[in-house]
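A.B. asks: Construct the complete structure from the given sequences, taking the supplied hints into account.
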Amino acid sequence: MKSAMLGVLASIVVVAAAACEKKPAASGDASKKGVPPATKPITLAVIPKGTTHVFWKSVETGVKQAGSDLGVTIIWKGPLVENDRAQQIQLVEQFVTEGVSGIVLAPLDKQALVGPVKAAGAKKIPVVIFDSALEGAGDGAGDFAAFVATNNRAAGRMGGEYLVKSIGGRGNVLLLRYLVGSASTDERESGFLDAARAQSEIKVISDNQYAGPTPDEAKAKALNMIDQVKEAHGVFCPNESSTFGMLLALRQEQLIGRVKLVGFDSSPPLLAALRAGEIEALVVQNPRRMGYLAVESLVKHLRGEPVEPTIDTGAVLVTKENIDSEEVKKILE
Amino acid sequence: MTHSIAKLLRLLGPVLALAMVWVCFALAVGPAFTSWSNQRLMLQQTAVVGVAAVGATLIIIMGGIDLSVGASIALGTMVIAALMQSGFPGWLAALGGVIAAAACGVLIGALVTGHVARVIAVVIAVVLAVTTWNRGIGSIVTLGWSVHGTHLIGGIVCCGWAVLVPLAGRVPVRIKPVSPFIVTLGLWGALRGLAKGIGANQPIYPPSAGGLDRLMRTSESGISSIVPPAVWIMLAVVAAASALLHFTPFGRSIVAIGSNEHAARVCGLRVERTKWRVYMIGVGCAGLAGVLQFASLTIGDPTTAAGYELKVIAAVVIGGASLSGGRGSVFGAMLGALLMTAVDNGCNKLHLDNWVQEIATGVIIVAAVAIDQVRQRTG
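Those protein sequences? They're chains W and R, same order as listed.
First residue of the first sequence: 90, per my numbering; consecutive thereafter.
First residue of the second sequence: 623, per my numbering; consecutive thereafter.
Fair warning: there could be bad hints in the mix.
Cβ pair distances, simulated, as ranges [said to hold, decoys possible]:
hint	chain 1	residue 1	chain 2	residue 2	range
1	R	836	W	294	42 to 50 Å
2	W	422	R	945	47 to 55 Å
3	W	410	R	801	58 to 66 Å
4	W	158	R	836	37 to 45 Å
5	W	397	R	707	33 to 41 Å
6	R	822	W	401	31 to 39 Å
I should point out that these hints are in silico values taken from the structure, not numbers from a laboratory.
Quick caveat, the model's predicted, so the values are computed rather than measured.
We put the beta carbon where it would ideally sit given N, CA and C, even for glycine.
C.D. replies: Put into structure tokens, the structure is as follows:
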């Protein structure tokens, strides 16, 4: 029975090894093809919050683009379980031990990742934080080299102002929050509430419910609070999965048209819903640009060039009217 | 003679499996995998699952199962963070986390043995503790001893907890026992809900990590300059559980119950008492794993350790335990946990995509369970 076990294990590892044998070679070629080689080869580990959201796919495109433009090798690796803080900490620790040139990190928690990032700094491995904030000094001399992100509060406010306008400046609005402890969506939610509370005739009827990490959980949450949703004239959701879950719930309850939805981020089904008029507007970040700028700023830092401590990557309000304009098309493609 | 050879082979199985995986990754990755600093990291990153797997081994040897171990770990981090937020020193908060998990273990044990009085006692004690929480239970336990009337209530609850549960043990009312699979499947969700409830759906950010973060870090000098304290804790827990299993009557009765519960009962072993004690110790280990998880996170995270129940059970089975009870090794379970860390670490070093890594890990888990089946048929 032992030989059976060893045989199985051996075959697993051989398959795993074979699957990746090609990888290092391929990325080696890519770095050779790049712009004139830097003084020494740079390998960057880029750690997103997850790998399955469309948003992160776009970030990956930007990251890889920057990698080949700047002639650096990119390792793209997110936690196996989406949004798992402990696993993201382990990944940072592993890349620090491996001795990569630098790390680009979208922290899942503003505090839990502080220690690992400091430990990377102690090993002289610079870190650029992107997408979501991390506590501590991000001024180049501090714990991390730069912070590259959408100004989420302003983006949330933009969505809020549009929602207020589209329901005629009066009535009930509802906020379905995303996930506890996630800094970027917290900011968007605050920005939305800023805009909603600035209007005396707008009443926020719910702002303490969390959608959870996946669309089906968001949908279930929205259906659980459907009585409040029915009372609302407008609903705001702060990310892709919560927007999609809310959309599914509105469809199921046939509330489309009665309740106006402003969401955040884009994906093919969300854009289709926007075209069909089921969604009023989507606040869309520029994830490709974010990925690109994050890698670029870290490479600059490694090459001793000055880097802005905070880089805003911008957000755009996409509506049925401007979805086919050149500016929006470029971001959405 | 043949028996002891079979036993040796069983112990050797996980050692060889781990060695195989290690050598394969060493060949495929090279020094980045074999460096001492990477070995140290792998040991450190195994500690949480390793410690939880030791407790789970005891439960599985007894013929039980704990599907709620991930939730217990999350609950542990939340209790620790909540205690720290109300001013407890780190070590006492850690103790609180372990006790909270052990209380969950008592609850599981009581449900599994159908001891309804004990179930009610645990629930009452928890409700009392929660309702008097804001009235100074903290300062009693932190030895503040500033006795206001309300603080007294806290003290009474603490004593009540110590008295209530054993007293309830004497009440001979029993309902039909519920299978541990069902009990812990229920608690898998319920304990996670409780963890979320403690923080009102939020993670808890204590003012500092209270020195617990040092558990996951190597220091400048002393034994923790070799590997972080968490690894020593794991090894100590393995040694203690191993000694418990092999050298105490209690340990032997665990194996006896797992081998044949009816025979154990006929022989006069106190099956119910052993059961709830093993669940208390086993889930207490999950609480200790929660301490280590907190040391790594430095926050209380109600969503952490999702899916660890499967990692832990896989580690126990890879380590040579039989899911039908009566057989298993805590040392093997630690090796099983180490094997899974090695797979994770090696796959990362090879820069595999997540989906490839997940398939590889899944195949290893299925292989381990399949091997368990083959082993049962042949041995």
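A.B. asks: For each hint, tell me whether it holds in the structure or not.
C.D. replies: Hint check results:
{"no.": "1", "hint": "R:836 x W:294: 42 to 50 Å", "verdict": "47 Å, holds"}
{"no.": "2", "hint": "W:422 x R:945: 47 to 55 Å", "verdict": "51 Å, holds"}
{"no.": "3", "hint": "W:410 x R:801: 58 to 66 Å", "verdict": "60 Å, holds"}
{"no.": "4", "hint": "W:158 x R:836: 37 to 45 Å", "verdict": "42 Å, holds"}
{"no.": "5", "hint": "W:397 x R:707: 33 to 41 Å", "verdict": "36 Å, holds"}
{"no.": "6", "hint": "R:822 x W:401: 31 to 39 Å", "verdict": "32 Å, holds"}
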